[in-house]
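Student: Read off the chains here:
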Amino acid sequence: MLKGHLDMIVLAALVGGPSHGYGIIQEIRARSGGAFDLPEGTIYPALHRLEKGGYLSSHWATAESGRKRRVYRMTRRGQRALSDHRALWQRFTEAIGGLFGGKGHAAGRSHR
Amino acid sequence: MQPADPIADYGAAIARELCFDAKLARRVRAEVEDHLQEWLATSGDAGSHEAQESAIRAFGHPSELARAFVPGALASLARRAAALVALAVIGIFVVMDARVVWYGWMQWHPGEQLRAANAIALPADRLAFVLAFILSLAALLYAMTRRAPTRSHASFGREIRRCIRLGAATLAALSVAVAIELVLTGIRFAETALDGSVIIPTLSLTAEASVAVGCIAYLWISARRVSLALRLAGE
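The listed protein sequences correspond, in order, to chains A and B. With the working numbering, letter number 98 in the first sequence gets 98, and the count goes up by one each step, no holes. With the working numbering, letter number 177 in the second sequence gets 177, and the count goes up by one each step, no holes.
It is possible that part of the hints are untrue.
With beta-carbon atoms standing in for the labels, derived distance ranges [stated by the list, open to error]:
1. B:217 / A:15: 24 to 34 Å
2. B:231 / A:98: 47 to 57 Å
3. B:8 / A:34: 26 to 36 Å
4. A:17 / B:41: 17 to 27 Å
5. B:192 / A:52: 29 to 39 Å
Since the hints were derived computationally from the structure, they do not count as laboratory data. All of these numbers come straight from a predicted model, not from anything done at the bench. Backbone N, C-alpha and C define an ideal beta-carbon position, used for all residues, glycine too.
Modelling step: build the complete structure from the supplied sequences, incorporating the hints.
Tutor: This is the structure:
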């Protein structure tokens with residue numbers, strides 16, 4: 001289910017503001033109602049890939065515990081990509097809704 | 001004897017797997033260790049050895065995690081190597097031209113022996129340099145247009161190796177051009193009385209040779225890192 005969508009899920013988890021890897025995983029878990037319970041190790045290759053693509057930027061910060069922590073923030077490019085993906089996803093769900101519910105596109109075809 | 005620290009051991013194991021990129025290894029290790037410590041702190045069971053082992057298990061095997069970084073690391077490595085080789089070609093071209101301008105400025109005209117050597121060596125020098133320029137451009141374009149896949153596969157590995165080979169071919173042609181320049185400058189020096197004016201050509205030739213040797217060393221190290229990364233990816 002997650003295949004091919006991980007990058008966008010990670011970007012969506014950063015809409016609320018900058019966060020670190022653990023925080024992003026928790027955000028995804030919480031906002032998906034536990035449906036997307038990602039294996040912990042999958043997040044870092046995705047974060048690095050998104051940063052290389054210019055969708056995220058990152059910097060080292062110091063956590064309250066005193067540990068060094070990498071914090072990720074969405075860039076303008078990331079925001080644009082997320083917005084595009086959201087619009088695409090909206091069209092897709094409407095189309096699927098039409099197919100399953102027999103409304104929308106299906107109604108249009110019945111007038112022919 | 002120090003107490004066992006499974007999280008530090010796990011971080012060290014990931015860093016070992018990522019030995020093909022020391023900077024990436026340090027960063028991933030720090031991120032993973034912070035992640036695991038945070039996981040333990042929020043689970044309220046930070047001191048328990050079992051909790052640490054459980055957190056590590058949830059992260060997956062170090063080699064599996066490291067493997068996911070291979071495509072991105074290799075794409076960056078190929079781009080850096082190609083860019084460095086292209087910069088070396090441009091840099092050496094500028095230095096060679098500056099030396100020719102210096103000779104003109106010093107009214108340092110070639111003697112009979114140098115004219116005879118130039119007749120044979122200069123066409124070869126130019127050919128080698130043009131070849132180096134074309135190959136460096138091809139390497140740069142090829143490296144810049146490679147897209148790192150989510151998971152490394154055989155064809156991506158071949159593409160990265162091709163980038164390294166193009167870089168090696170560029171440096172071979174560039175080395176020929178620099179070697180010819182060394183010989184011709186040696187003949188020029190032998191023909192004239194050595195004074196302070198030889199300092200600039202000597203320095204420029206030393207810089208050219210150093211850049212060429214430095215690039216060869218860098219590319220050799222890059223090729224080794226590519227091999228290590230592709231071995232980790234199972235190719």
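Student: Checking each numbered hint in turn, tell me which of them this model violates, lowest number first.
Tutor: 1, 5
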